[in-house]
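The listed protein sequences derive, respectively, from chains A and B.
Per this note's numbering, the first sequence starts with residue 94, numbered consecutively.
Per this note's numbering, the second sequence starts with residue 53, numbered consecutively.
Don't read these hints as lab results, they were simulated from the structure.
Heads up, some of the hints might be wrong.
As the list claims (entries may be wrong) - DSS-like mimics (lysine-lysine), calculated; alpha carbons at most 30 Å apart, straight line: (1) B:130 - B:69; (2) A:98 - A:196; (3) A:98 - A:161; (4) B:67 - A:196; (5) B:130 - A:196; (6) A:196 - A:161; (7) A:164 - A:147; (8) B:63 - A:196; (9) A:149 - A:161.
Owing to the predicted nature of the structure, the values given are computational and were not obtained by experimental measurement.
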Amino acid sequence: DQQVKQNSPSLSVQEGRISILNCDYTNSMFDYFLWYKKYPAEGPTFLISISSIKDKNEDGRFTVFLNKSAKHLSLHIVPSQPGDSAVYFCAARSGNTPLVFGKGTRLSVIA
Amino acid sequence: GAGVSQTPSNKVTEKGKYVELRCDPISGHTALYWYRQSLGQGPEFLIYFQGTGAADDSGLPNDRFFAVRPEGSVSTLKIQRTERGDSAVYLCASSRDSSYNSPLHFGNGTRLTVT
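Just chain B, same shape as in the assembly:
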């Protein structure tokens, strides 16, 4: 079946602009996660949703970052007033639920470049 889909695959934006990154999880998966991966680093947790609500947003670096999942399926990560340090690959993952032994299935990511 279809995996996790992320769009766009690449996004180049100017410093100070607003961007939206979209994630389509695997159908039926109730948990959805956003991670960020910088060069030479592992994925770093940002936020996760169980259903429509953000269950843990402790990884969001500051209030310029916000994510929504209004209908419990598609999620959008929104970044305001982008900075060059926001440049990274943004990874979305979904899992059947948020239980400990439910593996995360990742999309291919959105590479964000802030110039």
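Chain A with its partners taken away, still in its complex shape:
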């Protein structure tokens, strides 16, 4: 049973536009959420996180939004750049339990 779901396997966006990656979760005990970015043949790299006590966290071009009632979070990248092309993983945890990952969304930013 997937506790963290990324229902879009892929997304294609034009350079300069906004990329929106979505993630849903089922476990109401999750209280910390993270996004990781992965290039081929490399390990996932931490991008941004949000605690369940917040509904938004921003870091440069990256913003994560959390909607606890809907058990939904999203990652916004604006403006999108070709170097953002990668697989993005949503992850969640409850307290200090190990991270649970989604299956990932492959983002392609077209120049």
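Position chain B against the provided structure of chain A, taking the given hints into account.
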């Protein structure tokens, strides 16, 4: 500074053989995690260590899998009697500690292929 280092980067082995995968965490990081990523899937938790002890090994699929971290730094994931279904990328990550807001830093993984 140096990141998480995993060796070997690739390992091909025959069904039934024993393999060891090594992880060198970031210096000073007390928590160490092993994940496995199969094609088209996200990383799947196997085991994590806080210091030398396994704090949670609930993700190990069966008793063929075992991991150690004897001195609280380097860790080795050991797989006995490998099966073709064990083929995956094995990812190691470390974090400053196991607190909830301590991000995991991943290595580049070991791609294991069981023929």
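Below or equal to 30 Å on CA atoms is what counts here, so check residue 196 of chain A against residue 161 of chain A. holds (20 Å)
Just to be careful, I want the Cα atoms of residue 164 of chain A and residue 147 of chain A compared with a cutoff of 30 Å; is the pair within it? With Cα atoms ~13 Å apart, residue 164 of chain A and residue 147 of chain A stay inside 30 Å; holds.
Are the Cα atoms of residue 63 of chain B and residue 196 of chain A separated by 30 Å or less? At roughly 24 Å apart (the allowed maximum being 30 Å), residue 196 of chain A and residue 63 of chain B satisfy the hint.
Pairwise hint evaluation, residue 196 of chain A against residue 67 of chain B, where the allowed Cα distance is 30 Å at most: holds (27 Å)
Agreement of residue 98 of chain A and residue 161 of chain A with the hint, judged by alpha carbon distance not exceeding 30 Å: holds (15 Å)
Would the hint linking residue 98 of chain A and residue 196 of chain A be met if the CA-CA limit is 30 Å? OK: residue 98 of chain A and residue 196 of chain A at ~7 Å, within 30 Å.
Given the proposed pairing of residue 149 of chain A with residue 161 of chain A, does the C-alpha separation stay at or below 30 Å? holds (11 Å)
Hint check: residue 130 of chain B vs residue 196 of chain A, CA-CA at most 30 Å. Holds or violated? Roughly 25 Å separates the two Cα atoms, so the pair holds.
CA of residue 130 of chain B to CA of residue 69 of chain B, is that 30 Å or under? The hint holds at about 11 Å.
Hint compliance for this structure: no hint is broken.
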